[in-house]
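Go ahead and model the full structure; you've got the sequences and the hints to work with.
Residue numbers (the numbering used here), protein chains in the order written: chain H, 1 to 112; chain D, 1 to 111.
Rather than coming from a laboratory, the hints here were simulated on the basis of the structure. Being a predicted model, the structure only gives us computed values, none of them experimental. Even for Gly, the Cβ is constructed at its ideal location relative to N, Cα and C. Hints are not guaranteed to be accurate.
Residues of chain H placed beyond 10 Å of chain D at every Cβ, according to the derived structure [claimed, not checked]:
hint, residue
1, Ile56
2, Ser58
3, Arg68
4, Ser77
5, Asp85
6, Gly87
7, Tyr102
8, Pro105
If we take Cβ atoms under 10 Å as the criterion, some of the chain D residues that face chain H in the derived model are [stated by the list, open to error]:
hint, residue
9, Ala29
10, Tyr32
11, Gln38
12, Gly41
13, Arg43
14, Pro44
15, Leu46
16, Ser85
17, Phe89
18, Ala91
19, Phe97
20, Thr99
21, Ile100
22, Ala103
23, Gly104
24, Arg106
Each chain is listed here by its residues.
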Amino acid sequence: SQTIHQWPATLVQPVGSPLSLECTVEGTSNPNLYWYRQAAGRGLQLLFYSVGIGQISSEVPQNLSASRPQDRQFILSSKKLLLSDSGFYLCACGGRGRDTQYFGPGTRLTVL
Amino acid sequence: GENVEQHPSTLSVQEGDSAVIKCTYSDSASNYFPWYKQELGKRPQLIIDIRSNVGEKKDQRIAVTLNKTAKHFSLHITETQPEDSAVYFCAATTGGFKTIFGAGTRLFVKA
Numbered sequence: 001s002q003t004i005h006q007w008p009a010t011l012v013q014p015v016g017s018p019l020s021l022e023c024t025v026e027g028t029s030n031p032n033l034y035w036y037r038q039a040a041g042r043g044l045q046l047l048f049y050s051v052g053i054g055q056i057s058s059e060v061p062q063n064l065s066a067s068r069p070q071d072r073q074f075i076l077s078s079k080k081l082l083l084s085d086s087g088f089y090l091c092a093c094g095g096r097g098r099d100t101q102y103f104g105p106g107t108r109l110t111v112l
Numbered sequence: 001g002e003n004v005e006q007h008p009s010t011l012s013v014q015e016g017d018s019a020v021i022k023c024t025y026s027d028s029a030s031n032y033f034p035w036y037k038q039e040l041g042k043r044p045q046l047i048i049d050i051r052s053n054v055g056e057k058k059d060q061r062i063a064v065t066l067n068k069t070a071k072h073f074s075l076h077i078t079e080t081q082p083e084d085s086a087v088y089f090c091a092a093t094t095g096g097f098k099t100i101f102g103a104g105t106r107l108f109v110k111a
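Here is the structure:
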């Protein structure tokens, strides 16, 4: 079964600073990859998903972007963070032909 | 657009009682329905799932039912224990990769 790594685990950043969160997956090839954001006490908001290298679909317009430079690497970025970007960022992985998504341990981001 | 509604948002039960969480989906093409449990500060973990060709599935104290005609599915937890306290999310998947999550149900099990 796959293992999902995310780093960093926690991050405190000032408003206007850049952001780079990384997700890597082991134990599977050619997965579907997802970025979700969860505000405190709220549900899961899908931000981006990718079905292959260089293929990114955006679900919500915002100041975030995503990239997939390698098959099992998914990166979430921002040039200038906003206070509203605070939250728990979860990377998820779903295999080809397999509907189930499994979540990484998450990155807790606080923008001050 | 596609939507999944989940009720109730909060549920409090006494230890040993049953808990039921209900979800409704809008996309009739949805064919896979997972349920996740999220403990405080942790990642969501898959606890049970059901596919559209099945009406009910059970795993020990948890069960899920699906009514495709009504586009309803439900999670049933029997003999609840304090460690069942968590937030539960339902979801509906279409086309093998597009998953829409419900808003979550916060379950409290009182000892």
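Each hint, compared with the structure:
{"no.": "1", "hint": "Ile56", "verdict": "holds, 13 Å"}
{"no.": "2", "hint": "Ser58", "verdict": "holds, 13 Å"}
{"no.": "3", "hint": "Arg68", "verdict": "holds, 14 Å"}
{"no.": "4", "hint": "Ser77", "verdict": "holds, 21 Å"}
{"no.": "5", "hint": "Asp85", "verdict": "holds, 19 Å"}
{"no.": "6", "hint": "Gly87", "verdict": "holds, 13 Å"}
{"no.": "7", "hint": "Tyr102", "verdict": "violated, 7 Å"}
{"no.": "8", "hint": "Pro105", "verdict": "violated, 6 Å"}
{"no.": "9", "hint": "Ala29", "verdict": "violated, 13 Å"}
{"no.": "10", "hint": "Tyr32", "verdict": "holds, 4 Å"}
{"no.": "11", "hint": "Gln38", "verdict": "holds, 9 Å"}
{"no.": "12", "hint": "Gly41", "verdict": "holds, 8 Å"}
{"no.": "13", "hint": "Arg43", "verdict": "holds, 4 Å"}
{"no.": "14", "hint": "Pro44", "verdict": "holds, 5 Å"}
{"no.": "15", "hint": "Leu46", "verdict": "holds, 6 Å"}
{"no.": "16", "hint": "Ser85", "verdict": "violated, 15 Å"}
{"no.": "17", "hint": "Phe89", "verdict": "holds, 7 Å"}
{"no.": "18", "hint": "Ala91", "verdict": "holds, 8 Å"}
{"no.": "19", "hint": "Phe97", "verdict": "holds, 5 Å"}
{"no.": "20", "hint": "Thr99", "verdict": "holds, 6 Å"}
{"no.": "21", "hint": "Ile100", "verdict": "holds, 8 Å"}
{"no.": "22", "hint": "Ala103", "verdict": "holds, 4 Å"}
{"no.": "23", "hint": "Gly104", "verdict": "holds, 5 Å"}
{"no.": "24", "hint": "Arg106", "verdict": "holds, 8 Å"}
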